[in-house]
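One line per chain: the protein sequences are F and Z, in this order.
Counting from 1, one number per residue, gives the positions in the first sequence under the numbering used here.
Counting from 484, one number per residue, gives the positions in the second sequence under the numbering used here.
A hint or two may mislead.
FRET-style restraints, in silico, Cβ to Cβ [to be verified]:
#1 Z:Ser900 / F:Arg297: 23 to 33 Å
#2 F:Leu45 / Z:Pro792: 21 to 31 Å
#3 Z:Gly790 / F:Glu5: 17 to 27 Å
Stretch-level coverage of chain Z by chain F, calculated; a stretch enters the list once three of its residues show a Cβ under 8 Å from a Cβ in chain F [said to hold, decoys possible]:
#4 586 to 597
#5 759 to 770
Restricting the straight-line Cα-Cα distance to at most 25 Å, the calculated cross-link-like pairs of lysine to any residue (SDA-like) are [as the list claims (entries may be wrong)]:
#6 F:Lys195 / Z:Pro514
#7 Z:Lys809 / F:His152
#8 F:Lys387 / F:Tyr411
#9 Z:Lys809 / F:Val178
#10 Z:Lys917 / F:Ile27
#11 Z:Lys809 / F:Asp161
#12 F:Lys195 / Z:Leu517
#13 Z:Lys675 / F:Tyr31
#14 F:Lys383 / F:Leu415
#15 Z:Lys917 / F:Arg36
#16 Z:Lys671 / Z:Pro863
#17 F:Lys480 / Z:Lys770
#18 F:Lys195 / Z:Glu512
#19 Z:Lys809 / F:Val469
#20 Z:Lys770 / F:Phe4
#21 Z:Lys770 / F:Pro481
#22 F:Lys480 / Z:Pro792
#23 F:Lys460 / Z:Arg791
#24 Z:Lys770 / F:Ser30
The set of hints was computed from the structure by calculation and includes no laboratory data.
Here the structure is a predicted model, which means the values were calculated and not measured.
Glycine included, C-beta positions come from ideal geometry on N, C-alpha and C.
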Amino acid sequence: MLIFEHGREGRRAYAQAPRQEVELTDIPASYRRRTRALLPEVSELQVVRHYTRLSQKNFSIDTQPYPLGSCTMKYNPRACNTLAMLPEFLARHPYAPDRFGQGMLACLWELQEMLAAVTGMQGVSLAPMAGAQGELAGVAMIRAYHEARDAHERTEIIVPDAAHGTNPATAVMCGYQVREIATAADGDVDMAALKQALGPQTAGIMLTNPSTVGVFERRIEEIARLVHEVGGLLYYDGANLNAILGKVRPGDMGFDVIHLNLHKTFSTPHGGGGPGAGALGAGKRLYEFMPIPIVAREGAQYRWHTETDRPQSIGRLSTFGGNIGVLLRAYVYARLLGREGMPRVAEFATLNANYLMARLRAAGFQIAYPQRRASHEFIVSLKREAKELGVTAMDFAKRLLDYGFHAPTTYFPLLVAEALLIEPTETEAKEELDGFVAAMCRIRDEAREDVAFVKNAPYKLAVRRLDEVRAARDLNLSWKPGA
Amino acid sequence: MPFIPHTEQDIRDMLGAIGVAEIATLFDEIPASLHSSLPASVPSQVTEMEITRLLHGRASRDAQPMCFIGAGAYDHHIPAVVWELTTRGEFYSAYTPYQAEASQGTLQIAYEYQTMMVGLTGLDVSNASLYDGASALAEAVLMAVRGNRKSSARRVLMPTTVHPAYRRVTETIVRNQAIQLEAVDYEKRSGKLNRAALERWSGEDVTALVLQQPNFFGCLEEVDELVDWAHAHGALVIALVNPIALALLAPPGEWGQSGADIACGEGQPLGIPLSSGGPYFGFMVCKNAYVRQMPGRIVGRTVDIEGRPGYTLTLQPREQHIRRSKATSNICTNQGLMVTAATLYMSLLGAVGLERVAAACHANTRSLLDAVAGIEGVRPAFAGPCFHEAVLQLDAPAGQVLERMAGTGVLGGYDLSQSYPELGQAILVCATEKRTDEDTAAYARAMQKALRVARRA
Chain F
1 MLIFEHGREG RRAYAQAPRQ EVELTDIPAS YRRRTRALLP EVSELQVVRH
51 YTRLSQKNFS IDTQPYPLGS CTMKYNPRAC NTLAMLPEFL ARHPYAPDRF
101 GQGMLACLWE LQEMLAAVTG MQGVSLAPMA GAQGELAGVA MIRAYHEARD
151 AHERTEIIVP DAAHGTNPAT AVMCGYQVRE IATAADGDVD MAALKQALGP
201 QTAGIMLTNP STVGVFERRI EEIARLVHEV GGLLYYDGAN LNAILGKVRP
251 GDMGFDVIHL NLHKTFSTPH GGGGPGAGAL GAGKRLYEFM PIPIVAREGA
301 QYRWHTETDR PQSIGRLSTF GGNIGVLLRA YVYARLLGRE GMPRVAEFAT
351 LNANYLMARL RAAGFQIAYP QRRASHEFIV SLKREAKELG VTAMDFAKRL
401 LDYGFHAPTT YFPLLVAEAL LIEPTETEAK EELDGFVAAM CRIRDEARED
451 VAFVKNAPYK LAVRRLDEVR AARDLNLSWK PGA
Chain Z
484 MPFIPHTEQD IRDMLGAIGV AEIATLFDEI PASLHSSLPA SVPSQVTEME
534 ITRLLHGRAS RDAQPMCFIG AGAYDHHIPA VVWELTTRGE FYSAYTPYQA
584 EASQGTLQIA YEYQTMMVGL TGLDVSNASL YDGASALAEA VLMAVRGNRK
634 SSARRVLMPT TVHPAYRRVT ETIVRNQAIQ LEAVDYEKRS GKLNRAALER
684 WSGEDVTALV LQQPNFFGCL EEVDELVDWA HAHGALVIAL VNPIALALLA
734 PPGEWGQSGA DIACGEGQPL GIPLSSGGPY FGFMVCKNAY VRQMPGRIVG
784 RTVDIEGRPG YTLTLQPREQ HIRRSKATSN ICTNQGLMVT AATLYMSLLG
834 AVGLERVAAA CHANTRSLLD AVAGIEGVRP AFAGPCFHEA VLQLDAPAGQ
884 VLERMAGTGV LGGYDLSQSY PELGQAILVC ATEKRTDEDT AAYARAMQKA
934 LRVARRA
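One chain only, chain F, in its complex shape (with noise of 0.2 Å):
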């Protein structure tokens, strides 16, 4: 039942709205609206419970174990909530003078600083709103810096087969040509289809590392070498940094711009899909690009350096100043960790993900580069149980939801056939993994005994499985009143 079906017409949450009713003699009925927006007309209590109920239909990491592959479904500590929520940050205007934010302010910098320490970047920039909007401002970036150059001819961005969507995505915002590499067998980057690819038109490169098959590149310092040879960038990707947080530093690695989301490894919430964070840190030959607004330490008084002061910048990304709110989250948590804590996140994820990718091959499961480590995640392909016995990876996930575990990433990395991406994160315990490992076994017998039990999957949630092409056949985007 929707919001809109539990209305009565007059019904209303009446300690909500302004007392006083104004008649508004000012504004001429031409620029006035004819009718009545349709919204809901609901008790307060009503709204409670409608959605109170409708909570209870989500998964979230506070009911379920996550182990969404390339996500970090870590748990998201409620003091960051608490204290990102305190009412005088809540309460300040984007506009009003920096002298009345220097608290928040003081965390934003301490935040870019520990940032740019953990990333082994010159600066940071908390601007980008998103991860995506971090990709489009570092690729940007790179854009302005060859302009900078003249270097006109510097049309292409190189782009792995098995990277995340958005990179070639963003490539195509910012004006690039996308050029894709294979993946080796061994999970690595195709050293010769990338010395195939690079050259004068070369602007850049975005890798993701550990990559998106879950394993490290282990020659991330020649291809650096390599591409900046030939005049070109490296982009990384910050998506997986939880593997290697605090133990190995992007900047070493040889890239020049890099983009954390601070909702997977610096834990603030997902919150049904956003909103997120994109902090973005630049080596040396990007720092000058780096969106604003940034945070400034001046004496012992903080302020938002803007185009004035940089302005080389490539420009702003948001009305204010960023998702503040997600930064501080960001924050405490990085606080809460400290310096012993961040590295402790990167083995601990390591350790889940190993010990889970032990036990599924253990348990017959093929994994889809068993000759490699893990980092915080891995593939099993069920390329096997698709052929010998009519199951899936779609199957397997929607069952799983069944078992009180949501669903690993799906069908992700393409290049490899009925992926599952399993990333377990550092905070779920071993008997967890354990139900894991035993939920993925019996859905495998249960396949073996009865295909289509396996393929009707779910039974146990609030709808069995929905109609996809139909929802894009006959598209109801709204409700209408009557329908």
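With chain F's structure known, arrange chain Z on it following the hints.
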């Protein structure tokens, strides 16, 4: 170990199952030359008690004065229910709803939200939100360029009455796609878009016209005429609107003969705290004809295998994870949690409540203008109707006046002298429904005093 549940026994058992002696071995594929440890500049770990003490201290330094600034972010009352429910773990810690069956809460909320935005704007289809108002405008510009197949100029008219930060953000985001953003001036008397300046583009290939209503100055544009002009010249219309104002003002879908084609804007007024500028959310709504050009997540209603209604992400072939380099945008997330808050806010207020909020804001801004009308050296910059925000011209340096007012606990407005030097010493003011008669009186006193001091200086 904060947030790590492993016991010593767990670690031994797990290493045994993997077949290595220690955790360090798991990193042996990483070249030794790349291993490093964190510098001392990353502070040592603190406990929750210690970070609480630190943050409470910092927050207490950030006590906020009374706010009379609008300029794209508005200090509205937020019902207690909104964030009590929005921060429930089931909403707060859920992922993007790729597994629809396990995400019916988030998905149904997005569908309800889309319905509400369709109701407010009078257009056909809403997406499930974008990052913020300015980036939503940038995406709308890109969408209009894709959507207007009759135009090949990639030229978008961007009046200077559009929020200056929105224009800058749009520039940053579309810069590398060979799109011409052409400024259109405003009339100095009315603060409205200058029709003569627009006529200069008559007969040219124009891809889209952006119209902010009310515009950045709070002035009401002649949207009916302007939409008809744009459509007569083959241009699409992008409406940039304030969702609270839409409770009272004509919805974009009804502007002119055939309505605006795309509406977008900042969702913050719908229950999102000011928070120094974010996180907020951008909204985008369009006519049916352009749905396949729309960026971002869209939720559709469908049925499950038993015929029961359910909700799922749809039209995903537009998106980066499917289309890769041919996607409508690189955007991945929406601002799901903010949409949850906004949906709760709109449910609690309803159309009547939103109307009252809008009317109260407007009435309070009117009272503010009346209260300062008698002050020497203050005059309204523009004649003509405005909505819930207005420009005042001062006879002393605006920056100094605002600074002095801030010193007495009043944020007196947004200084326009940087972005609009031709207005002289001018400020943009706004009084939301939260401001009382006493607040307004305090404002007038603070301004009078600040002006006196500034004139003497």
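Each hint tested on the structure:
1. Z:Ser900 / F:Arg297: 23 to 33 Å: holds, 27 Å
2. F:Leu45 / Z:Pro792: 21 to 31 Å: For leucine 45 of chain F and proline 792 of chain Z the Cβ distance comes to about 24 Å; the hint holds.
3. Z:Gly790 / F:Glu5: 17 to 27 Å: Since the Cβ atoms of glycine 790 of chain Z and glutamate 5 of chain F sit about 18 Å apart, the hinted range of 17 to 27 Å holds.
4. 586 to 597: Result for this restraint: holds, n = 9.
5. 759 to 770: holds (count 6)
6. F:Lys195 / Z:Pro514: Cα-Cα ~21 Å, so holds.
7. Z:Lys809 / F:His152: holds, 23 Å
8. F:Lys387 / F:Tyr411: holds, 16 Å
9. Z:Lys809 / F:Val178: holds, 10 Å
10. Z:Lys917 / F:Ile27: Holds: lysine 917 of chain Z and isoleucine 27 of chain F sit about 21 Å apart, inside 25 Å.
11. Z:Lys809 / F:Asp161: Distance ~15 Å between lysine 809 of chain Z and aspartate 161 of chain F Cα, so the pair holds.
12. F:Lys195 / Z:Leu517: holds, 23 Å
13. Z:Lys675 / F:Tyr31: holds, 14 Å
14. F:Lys383 / F:Leu415: Roughly 12 Å separates the two Cα atoms, so the pair holds.
15. Z:Lys917 / F:Arg36: holds, 23 Å
16. Z:Lys671 / Z:Pro863: holds, 12 Å
17. F:Lys480 / Z:Lys770: holds, 16 Å
18. F:Lys195 / Z:Glu512: Satisfied, since the Cα-Cα distance of roughly 23 Å is no more than 25 Å.
19. Z:Lys809 / F:Val469: Roughly 21 Å between the alpha carbons, so the hint for lysine 809 of chain Z and valine 469 of chain F holds.
20. Z:Lys770 / F:Phe4: holds, 22 Å
21. Z:Lys770 / F:Pro481: holds, 19 Å
22. F:Lys480 / Z:Pro792: Holds. Lysine 480 of chain F to proline 792 of chain Z sits at ~15 Å (cutoff 25 Å).
23. F:Lys460 / Z:Arg791: holds, 14 Å
24. Z:Lys770 / F:Ser30: Judged against 25 Å, a Cα distance of about 23 Å means the pair holds.
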